[in-house]
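**Student:** Chains as they are written, first to last, in our numbering: chain B, 1 to 312; chain L, 1 to 312.
Check before you lean on any hint, since a few could be wrong.
Since copy identity is lost for identical chains, a pair holds within one copy or between any two.
In silico DSS-like cross-links for lysine-lysine, where the CA-CA straight-line distance does not exceed 27 Å [to be verified]:
#1 Lys201 / Lys237
#2 Lys176 / Lys133
#3 Lys176 / Lys237
#4 Lys133 / Lys301
#5 Lys297 / Lys51
#6 Lys249 / Lys221
#7 Lys237 / Lys77
#8 Lys51 / Lys151
#9 Lys176 / Lys95
#10 Lys221 / Lys250
#11 Lys188 / Lys79
#12 Lys237 / Lys45
#13 Lys45 / Lys95
#14 Lys45 / Lys117
#15 Lys249 / Lys201
#16 Lys188 / Lys74
#17 Lys237 / Lys221
#18 Lys249 / Lys133
#19 Lys249 / Lys176
#20 Lys133 / Lys237
#21 Lys250 / Lys204
Note that these hints are calculated values from the structure, not bench results. Fair warning: this is a prediction, and the values are worked out from it, not measured in the lab.
Protein chains: 2
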Amino acid sequence: MNIGLDMMGGDFAPLEAVKGVARYLSEQEQPATLFLIGDQQAIEKLIAGHKVDRNHIRIIASEEVIGMHEHPTKALKEKKRSSIAIGFHLLASGKMDAFISAGNTGAMLVGSLFSIKALEGVLRPTISTIIPKENGGTGLLLDVGLNADCKPEHLNQFAVMGSVFSHLILGIENPKVGLMNVGEEEGKGNILAQAAYPLLKENKSINFIGNVEGRDILKDKADVMVCEGFTGNIILKLAESLYEITKDKKIHHEFLERFNFENYGGTPVLGVTKPVVIGHGISKAIAFKNMILVAQKMLDKKVVEQLKNELE
Amino acid sequence: MNIGLDMMGGDFAPLEAVKGVARYLSEQEQPATLFLIGDQQAIEKLIAGHKVDRNHIRIIASEEVIGMHEHPTKALKEKKRSSIAIGFHLLASGKMDAFISAGNTGAMLVGSLFSIKALEGVLRPTISTIIPKENGGTGLLLDVGLNADCKPEHLNQFAVMGSVFSHLILGIENPKVGLMNVGEEEGKGNILAQAAYPLLKENKSINFIGNVEGRDILKDKADVMVCEGFTGNIILKLAESLYEITKDKKIHHEFLERFNFENYGGTPVLGVTKPVVIGHGISKAIAFKNMILVAQKMLDKKVVEQLKNELE
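Bound conformation, chain B alone (with noise of 0.2 Å):
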C-alpha cells in the first residue's frame, strides 16, 4: 500500500507534515509505504531530525509548490512540477494507491476531479465533515462546498456515499440518513429539498429517516446528513470557528474539543476513483497524522469499490 503525502502543502508544510509522518511510522505496527514529495533536501534534512524510519518512506523530489491562493486549474497545469501535479500524476499512473495534501483545495479539487476522475456513475464527487454529536456519536455531513448547486439526485448520490463512508470508515452499522431542512415533515423545504425528499423515501441502498433541521445538526438524529454544499460549507465553517472561539474564550470542555478538526485528519473526496484526502491549511502534526490513518482505513475497507458497487 502506497500513500502519497504532499509535503509542501499547508501553512506549516514541511515541518509539520514530517512529524506527522514521524508519529504515524512510530504508531503503526505495519505501516503502509508513504511517498513523501516535496523539497526532497528539506525533507531529507527534517526526517533526520525526527527519527523517520526510512525503511517506509520513499521520498519523491518536486521543484514548485501551489500556493494557498493561486489559481487552482491554471496551477496545474503551469506547474508541472509541483507537489500536487506530482501526486495526481503517481495516482493516476498506478504508482500510488491515495494521496493527500494540505495544500490548495480547489487544485486538490481540480486533480481529483480531472486527473483520476470520478467514478463511473457518479455525477457529482462530493466532500464531506466529520459532525461531533453532543452524545458522544460520530455524524456525516455532505457536501460541504464542492457542489455548491445541486440537483436533486446529486443528494440521493451522497447520501449513498456518505452511507457507505459513515459504515466503513466510522463503523455506524446502516447509518441513519437525514435530509437537512428547514421542518420535519415531508413538503417542508426549499424546492431542492423537496424534490430530494421523495428520491430519499425510495433509495433502497439507504436508511433514510426524512428531514433533520439546524437543531438536529448535534444531536443524535441522523448518522449521515446531506445537503447541497453552499449551506454545507456555512454550517461546516461555522462549526470550525466554534471551536476556535472557544478555544481563545478557554472556554474548556470534552464536548467542544471534539470540534478540534485535527482529530478527524481531513476530508476525503468520495466519488473518485482513488482515495483522496484533503486536509485544513492549519494542519498540524495530528492532523497529517490523521490524515494519513484515513487514507490507509480507505484502502484497507476498500471504500471506492463499495461506492463504485452502489454507484455504478
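Keeping the supplied structure of chain B fixed, place chain L upon it in accordance with the hints.
**Tutor:** Frame of chain B, contents of chain L only:
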C-alpha cells in the same frame, strides 16, 4: 401606543405571558397600553395574582386557540375567534399598533402577509435573528426561514431591511452588510450568491463589505448578514441548539449565555405595514417582556416608516 399580545401562544401561556406583562409594566416608566388577547377568565385570575397595573392593560376575550401544529391558513380561516385571528383583525383595523405572539409561527406569518400585508415595493417580507458576536457585539442574520427559495433581488431587499433594523433597533451606525457565502472573493458561491453580489455592491442604501463565510458569522465582520431562508434557518436552529446543549452539559460562559433566545425577545417580521413580533414556542416571562420591548422600540423608532422610505 397600543401593543397587542396573544396570551394563548406558546407552551407556557397564559401564565408566562402574564408574568412577562407584569415585568414590563413594573419596569417601564411610560409603558404602552397592552391589549391582552385570550381566555378572559384565565387572564383575569392570573393578573390578580401577579400585581399587574390595570391602568395599562385591556383584556380582549378570545374563545379559540390556534394550536402549535395546526395548518396556518386553514386555522386562521376557520378560527375567527382565536387570539391570533382577533389580534390581526385589531391590528389591520388600526385599533392596535403592533402585535406579538409566541404561538403558531405559520399563522403569525400568514396573518402578517395577508391581513396587514407587505409594504408597497417589498417583494418578500422577511424574518431575522440576532447573532451574538464573540466580541460582545450584536449581528443580524436574515432571512431565517420565511423565504426558503430566493431571487437575488430578494437578498438585496433583505440587506436594506436588515440595515434599517440594525441601525434603529440595535443601534449600529452604518451597519456593515455581508453576503453569506462559501468564499471571500466576488464570483464565489452558488448561482444565487453570485447574482446577488453585484446588486449589493451597487446598492447605495447599504454599506456592503462583500462576502462573509460560515467562520465569520460569530466574528465582528458584518453586522447584517443576508442569505436565503433555507441556510438562515439552519444556522438559526443550530445556534439555538448549541445553547441548549451547552446548558445541558453545564458549560457556562457569558458568550454562550448570549445564545439564549430569551434575551432578544422574538423575531420581528420586516417589510409588513405594522410591527409584528413572533416568539419562540418555549418563551417564558423574560422573552415575553423583551418581545413587548422590541415592538415598542419598533414603534418609537418608526421602523416601518423608515422601511417604507427606503423601499417604496
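**Student:** Determine for every hint whether it applies to the structure shown.
**Tutor:** Each hint tested on the structure:
{"no.": "1", "hint": "Lys201 / Lys237", "in the structure": "between (29 Å within a copy, 24 Å between copies)"}
{"no.": "2", "hint": "Lys176 / Lys133", "in the structure": "within (14 Å within a copy, 34 Å between copies)"}
{"no.": "3", "hint": "Lys176 / Lys237", "in the structure": "both (24 Å within a copy, 20 Å between copies)"}
{"no.": "4", "hint": "Lys133 / Lys301", "in the structure": "within (24 Å within a copy, 43 Å between copies)"}
{"no.": "5", "hint": "Lys297 / Lys51", "in the structure": "within (24 Å within a copy, 67 Å between copies)"}
{"no.": "6", "hint": "Lys249 / Lys221", "in the structure": "between (30 Å within a copy, 18 Å between copies)"}
{"no.": "7", "hint": "Lys237 / Lys77", "in the structure": "neither (29 Å within a copy, 43 Å between copies)"}
{"no.": "8", "hint": "Lys51 / Lys151", "in the structure": "neither (50 Å within a copy, 58 Å between copies)"}
{"no.": "9", "hint": "Lys176 / Lys95", "in the structure": "neither (37 Å within a copy, 51 Å between copies)"}
{"no.": "10", "hint": "Lys221 / Lys250", "in the structure": "between (29 Å within a copy, 22 Å between copies)"}
{"no.": "11", "hint": "Lys188 / Lys79", "in the structure": "between (47 Å within a copy, 24 Å between copies)"}
{"no.": "12", "hint": "Lys237 / Lys45", "in the structure": "neither (35 Å within a copy, 50 Å between copies)"}
{"no.": "13", "hint": "Lys45 / Lys95", "in the structure": "within (25 Å within a copy, 81 Å between copies)"}
{"no.": "14", "hint": "Lys45 / Lys117", "in the structure": "neither (35 Å within a copy, 72 Å between copies)"}
{"no.": "15", "hint": "Lys249 / Lys201", "in the structure": "neither (43 Å within a copy, 34 Å between copies)"}
{"no.": "16", "hint": "Lys188 / Lys74", "in the structure": "between (42 Å within a copy, 17 Å between copies)"}
{"no.": "17", "hint": "Lys237 / Lys221", "in the structure": "both (21 Å within a copy, 14 Å between copies)"}
{"no.": "18", "hint": "Lys249 / Lys133", "in the structure": "both (22 Å within a copy, 13 Å between copies)"}
{"no.": "19", "hint": "Lys249 / Lys176", "in the structure": "between (35 Å within a copy, 25 Å between copies)"}
{"no.": "20", "hint": "Lys133 / Lys237", "in the structure": "both (16 Å within a copy, 15 Å between copies)"}
{"no.": "21", "hint": "Lys250 / Lys204", "in the structure": "neither (46 Å within a copy, 41 Å between copies)"}
Hint check: violations occur at hints 7, 8, 9, 12, 14, 15, 21; the rest are consistent with the structure.
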